[in-house]
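**Student:** Here is what each chain is made of, one letter per residue.
2 protein chains.
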Amino acid sequence: MIPAPYLLYLGHSDDSVGIKTSRGLAAFRRDDCVGEWRHDDSPLTLGLPRLDPAAARAAGARTLVLGIANAGGTLAPDLVEDALAAIAAGLHVAAGLHQRLRDHPRLVAAAAAAGVELHDVRDPPRDLRVGDGKRRAGKRLLTVGTDCSVGKMYATLCLRDELRARGITADFRATGQTGILIAGEGVPVDAVVADFISGAIEALAPARADDGWDLIEGQGSLFHPSFAGVSTGLLHGAQPAALLLCHDPSRAHMRGLPHYELPTLEECLAANLAVARLTSPDVRAVGVALNTAALDEAAARRLCEETAARLALPCTDPYRLGASPIADEMLTCFAP
Amino acid sequence: MIPAPYLLYLGHSDDSVGIKTSRGLAAFRRDDCVGEWRHDDSPLTLGLPRLDPAAARAAGARTLVLGIANAGGTLAPDLVEDALAAIAAGLHVAAGLHQRLRDHPRLVAAAAAAGVELHDVRDPPRDLRVGDGKRRAGKRLLTVGTDCSVGKMYATLCLRDELRARGITADFRATGQTGILIAGEGVPVDAVVADFISGAIEALAPARADDGWDLIEGQGSLFHPSFAGVSTGLLHGAQPAALLLCHDPSRAHMRGLPHYELPTLEECLAANLAVARLTSPDVRAVGVALNTAALDEAAARRLCEETAARLALPCTDPYRLGASPIADEMLTCFAP
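Going line by line, the protein sequences match chains X and R. Residues in the first sequence are numbered consecutively from 0, following numbering that gives the first Met the number 0. Residues in the second sequence are numbered consecutively from 0, following numbering that gives the first Met the number 0.
Quick caveat, the hints were computed from the structure, so don't treat them as lab data. Ideal Cβ placement from N, Cα and C applies to all residues, glycine included. Do not take every clue at face value.
Pulled a few chain X residues facing chain R out of the computed Cβ check, cut under 8 Å [said to hold, decoys possible]:
no.	residue
1	Ala-25
2	Val-129
3	Asp-189
4	Pro-257
5	Tyr-259
6	Thr-263
From the derived model, a few chain X residues whose C-beta atoms are all more than 10 Å from chain R [unchecked claim]:
no.	residue
7	Arg-29
8	Ile-167
9	Val-191
10	Ser-197
11	Ala-227
12	Gly-232
Listed next, with one range per pair, are the computed distances between beta-carbon atoms [to be verified]:
no.	chain 1	residue 1	chain 2	residue 2	range
13	X	Pro-257	R	Ala-269	25 to 35 Å
14	R	Ala-202	X	Asp-126	39 to 49 Å
15	R	Asp-40	X	Pro-335	32 to 42 Å
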């Protein structure tokens, strides 16, 4: 386990989506976060005290979380410099990039000298199996999306909390670096060897017979030309009884790809159901989750109502307005 | 490069599809193969002289190719023992399994002592990029299939030879261990980290402006619940102008999965075209390639005719009956 509490890194970022790992920890494990570290050129904030590594250490922080996501997961030079500064201040360092902290000789040497740890959370488990697609017991929901970073993890965690508040057993199955940092376990599905994508998810959410739900965090999008392979294998491995479609209505184009438009909700849902049916013939949609952070509350509520009517499915912003309509639909559709 | 000529390993196998790497080398680089090594319990043959490692070495062989494919790509104990015997006889050893020869201490020690090399051909290139889906110049064909191991590589290589015989520039882009051993280069797409599947194929078949064709070897199937993620990323990264659908009419169920039926040719083609359109909106099918090895020639020709009529596309067994109908269709559809 990665020692808490955390200093959350924003660095030089001006991309509010790019800091999603730091933001996710601030949202779902706020009690474990003592501050945020941003440079003067970053306009972003998570509403935490602004601290540098030394001040954070003095305030009790134990680990700097390099909570930045970039396409390709590279460990850029500014990240290395800042990680070295954190190590010098006595902090452990955690990251979820494809390029590993432990593969960087200067970081390894500095950490050894300072007696602190480097944590790479995007390491897939060893001994993964190839998926077999065999029908397995248990109720599983998977969040799917029109794009990357549209709120799949938030929706999954909010739904877990709503179900648990109703006394229903529900577990969050993390598949990305942020989710794994929040949950303390999971499988970074985009980092496994390609042949093992579906098998990794079969292992993450195995058969269960306790009538509880596995709520599986989705990744990417079938409509994202960089990452749809991951999304496809995840759908097949999840063998979901239920899909929850996630969308950010403020997104102008596919993330990182101005030359790609977003799919409509209707075509996105139809494509995900079609792919999911290969391993879960009776899969059904149980709702739409919108990330309405860019709208005022009245507009957010109106959009949810309009979307619900258009798709004939419950629609909410689970983080802002609660996951209740989706939980209702699940309990109705999957009543014993 | 892996030193030729080769001794092809069949081992204890009784699975004619499982020895596809040895079979592919025997089919497409026969002049480089001096013999096959099989144990008494294997009923299989590639029609080469049956030799043990010492006899093969005496006959001029330089490398044992462990040309066996199994789901998960494990280096089973019998393979290790036989590789040690080959090393003792003075042969290099090549394999394309997920478990690497170089990660096996006994093999590494024995190879060092004998002064021979271990070649792992399933190593993905370093410094892969995430795919970006940008439209790029050039004509690309991708083979897709109803299942794994239905003849995609054979069809791709036969089509290359047919186009070249007509004076058309055409290059084979290998994506699997067998293709890479035949071509001497390529990207083992099922072994790359999942986030980089489409990017790996964008790098394998970059923009080209010489009016030649890149003929990309497909992998897996959109309908195989173990591997569809690979197939999806491959489709997106290939950005194909043309798809060639491959099928083995003798296949009773999805390979390795008796609980999964094969899709129909019609649904398989429709699904592949739909996925491919994300990055290549004008993609079109140019034919169907059948592996008719289980049929007599009259039945094979009849099935090709019936399939062509049913799908309104050229259909042939490119290895047995020639790739001419498919080449004709490509040249008609993509005339300058």
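**Student:** The structure should be examined with respect to each hint, and the outcome stated for every one.
**Tutor:** Hints and how they fare:
1. The criterion of a C-beta within 8 Å of any C-beta in chain R is not met by X/Ala-25, whose closest approach is roughly 25 Å, and the hint is violated.
2. Given the 8 Å rule on beta carbons, the hint for X/Val-129 holds: about 5 Å separates it from the nearest Cβ of chain R.
3. For the restraint placing X/Asp-189 at the interface with chain R, the shortest Cβ-Cβ distance is roughly 4 Å, inside the 8 Å limit, so the hint holds.
4. Hint status for X/Pro-257: violated, given a least beta-carbon distance of 10 Å to chain R, over 8 Å.
5. Satisfaction of the interface hint for X/Tyr-259 is found here, the shortest Cβ-Cβ separation to chain R being roughly 6 Å, below the 8 Å cut-off.
6. For X/Thr-263, the shortest C-beta to C-beta distance to chain R is roughly 14 Å, which exceeds 8 Å, and the interface hint is violated.
7. Every CB of chain R lies more than 10 Å from the CB of X/Arg-29, the least distance being 29 Å, so the non-interface label holds.
8. No beta-carbon of chain R comes within 10 Å of the beta-carbon of X/Ile-167; the shortest separation is about 29 Å.
9. A cut-off of 10 Å between C-beta atoms contradicts the statement that X/Val-191 is not in contact with chain R; the least separation is 5 Å.
10. Interface exclusion of X/Ser-197 from chain R breaks down, the closest Cβ pair being 6 Å apart, not more than 10 Å.
11. For X/Ala-227, the non-interface assignment is contradicted: its Cβ lies about 5 Å from the closest Cβ of chain R, within the 10 Å cut-off.
12. With a minimum CB-CB distance of about 3 Å to chain R, X/Gly-232 fails to clear the 10 Å threshold, and the non-interface call is violated.
13. The given range of 25 to 35 Å is respected by X/Pro-257 and R/Ala-269, whose C-beta atoms sit roughly 30 Å from each other.
14. The given range of 39 to 49 Å is broken by R/Ala-202 and X/Asp-126, whose C-beta atoms sit roughly 29 Å from each other.
15. Taking the beta carbon of each, R/Asp-40 and X/Pro-335 are about 52 Å apart, not inside 32 to 42 Å as hinted.
Hints 1, 4, 6, 9, 10, 11, 12, 14 and 15, counting from the list given before, are not met by this structure.
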